[in-house]
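Q: Read off the chains here:
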Amino acid sequence: MSTPTDKVDFSISAEASLTSRKDASLASLMWKHPSVFWGGLLLVIMVLIAVFGPMLASDPVAIHPIVRLKVPSAEFWFGTDYLGRNVLSRVIYGARVSLVVGLAVAIVAVVFGLMIGLVSGYMRWLDAIIMRVMDGLMAIPGILLAIALISLSGATLFTVIIAIVIPEIPRVVRLVRAVVLTVREEPYVEAAIAAGTRTHLILLRHILPNTIAPLIVQATYICGSAMLTESILGFLGAGIPPEIPSWGNIMSEGRTYFQLSPWIIFFPGIALALTVLAVNTVGDGLRDTLDPRIARKM
Amino acid sequence: MVFYILKRILATIPVMGVVALFVFLMLRLSPGDPAAVIAGDYATAEDIIRIRENLGLNDPIVVQFTKWIGQLIRGDLGISIFTNLPVSTLIAQRLEPTIMLSLTTIIFTIVVAIPLGTLAAWKQGSLIDRAVMLFSVAGFSIPVFVLGYILIYIVSIQLRWLPVQGYKSMFTDGVIPFFRHIILPTVTLSVIFIALIARMTRASVMEVLQEDYVRTARAKGQSEFKVLMKHAVRNAAVPIVTVIGLGIALLIGGVVVTESVYNIPGLGRLVLDAVLKRDYPIIQGLILLFSFVYILINLLIDLSYTLFDPRIKY
Chain A
2 MSTPTDKVDF SISAEASLTS RKDASLASLM WKHPSVFWGG LLLVIMVLIA VFGPMLASDP
62 VAIHPIVRLK VPSAEFWFGT DYLGRNVLSR VIYGARVSLV VGLAVAIVAV VFGLMIGLVS
122 GYMRWLDAII MRVMDGLMAI PGILLAIALI SLSGATLFTV IIAIVIPEIP RVVRLVRAVV
182 LTVREEPYVE AAIAAGTRTH LILLRHILPN TIAPLIVQAT YICGSAMLTE SILGFLGAGI
242 PPEIPSWGNI MSEGRTYFQL SPWIIFFPGI ALALTVLAVN TVGDGLRDTL DPRIARKM
Chain B
-19 MVFYILKRIL ATIPVMGVVA LFVFLMLRLS PGDPAAVIAG DYATAEDIIR IRENLGLNDP
41 IVVQFTKWIG QLIRGDLGIS IFTNLPVSTL IAQRLEPTIM LSLTTIIFTI VVAIPLGTLA
101 AWKQGSLIDR AVMLFSVAGF SIPVFVLGYI LIYIVSIQLR WLPVQGYKSM FTDGVIPFFR
161 HIILPTVTLS VIFIALIARM TRASVMEVLQ EDYVRTARAK GQSEFKVLMK HAVRNAAVPI
221 VTVIGLGIAL LIGGVVVTES VYNIPGLGRL VLDAVLKRDY PIIQGLILLF SFVYILINLL
281 IDLSYTLFDP RIKY
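Each protein sequence line maps, in turn, to chains A and B. For the first sequence, my numbering assigns the number 2 to the initial residue and increments by one for each residue that follows. For the second sequence, my numbering assigns the number -19 to the initial residue and increments by one for each residue that follows.
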């Protein structure tokens, strides 16, 4: 009679204990690395600004020549630019561009890097060729490669993302390949091979899960560096089309007026630095929890 | 030893080949007619024909590639579309500022980062250690050009200590003007590099400090300074030097941005002007040059390991 209730009770308590253990590890992470807490909080705020900010902000492209190059004040918190556009609204919209580029680059680079890395680490005959190609790609300075790709294919959000992804792929490939090479020597993989498991199943079931933790950490770093690269491209005038208010573009337009109106560069610059700092700190925290072996070293 | 050096030099050939192939295909595989893309929106039909001839786009692709590689091996990087001058001449004109800025940056970085990292490892968990770690995280987060503008604003505009922008040659304009102009760009470019190398130095010195021979050195009463210098840093040198080599990639990207911020007429400016004018032979030549330098420096670093660690024998 009481068995079903017992079962229910049991499952609930098991679930409860599982979540409480998760909480404990999260809490201890926060406790051990207070910077992770602040980084995470900052990141959450930035994401909220990017998602909901544009609903509250005024039009970032509206031109008001009467109030051009105004100092930050109660009316214009971040001042205005040379066309009288509200820098605060532009910075808020810029958060969207930056985070979208960072996230997209991280996901695309990890997906492609993972596939190439799995193949390279597992199929030895392809390995030498793939790794030479990756070495070559790594030798090309990433920013120059991105500038060249964008100037040839035309600047759109899509081409900018692809141009930032390509130089990031070799790093992911190397990481995945290193994991595969270690894992494939493990007894359980040998057992799976001996049992006649097909290659794609071995890759999927036994090798892929081992790459997830280091890849998550790597993805956060890629996200941070992609946001920096995007802003550099915009700043150099080789990035996303100038009519889109990305942080790099705002700062690029502020260059001419820098001596008189430095806030046009400073506010987006601070927003960018804080966001990248937040992403990198979260990355450090993830590395410390997910991969204690590396954490002890760094 | 000689055999190993030869092997390492030969191993760079396929990597350079991949770089060359990639740079070559980038133009040919781009959507649309590359000659029309380069010529821009206001080009006449003759412009496009001239560019096609200049780039040899009328030949079959394999012929194009072999011709191009042959030229590269002879040191011929092609002719600039806009100025009609050889790319190698244009590069030679702009070489000095870039080399000078890179040198001052590498020297400044090493002088600052290695002592900082060592100190942080020695006093692990102390205030200095925390400060170094904070700096290394922050250094990776702040964009080079924002840092550049902050420095210009504070040091040049508010305090008026140093000139705002520009470059003066050490050889024609004198040593003092050279340093007055190069200080801010050097500091700007160094920050991310210092962050990287201080972090790596800290990690590898920390590992060495746990070794038995360090304990022995301390036990026999050697001063802490000698323990750090003779034992810890020397043994930590190989990973540090390796990271300096890999960091050259960061440096090259940073040079382009820093030259743009400080208006320095170097290779970074050359490449940006070339992008604006779609002068593809220049872009191609500079990507090849920078990649070649990166590969060469990392080859030299690989071969220098025996200097730092006599245990490494080839």
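Don't take each hint at face value.
To give an idea of the chain A side of the interface with chain B (calculated C-beta under 10 Å), a few residues [what the hints assert, rightly or not]:
| id | residue |
| --- | --- |
| 1 | I148 |
| 2 | L158 |
| 3 | A179 |
| 4 | L182 |
| 5 | T183 |
| 6 | I271 |
| 7 | T276 |
In short, the hints are calculated from the structure, not lab data. A virtual CB, placed ideally from N, CA and C, is assigned to each residue, including glycine.
Q: Going through the numbered hints above, which ones does this structure break? Give me the numbers in ascending order.
A: Checked against the structure, the hints that fail are numbers 2, 3, 4 and 5, while the rest are satisfied.
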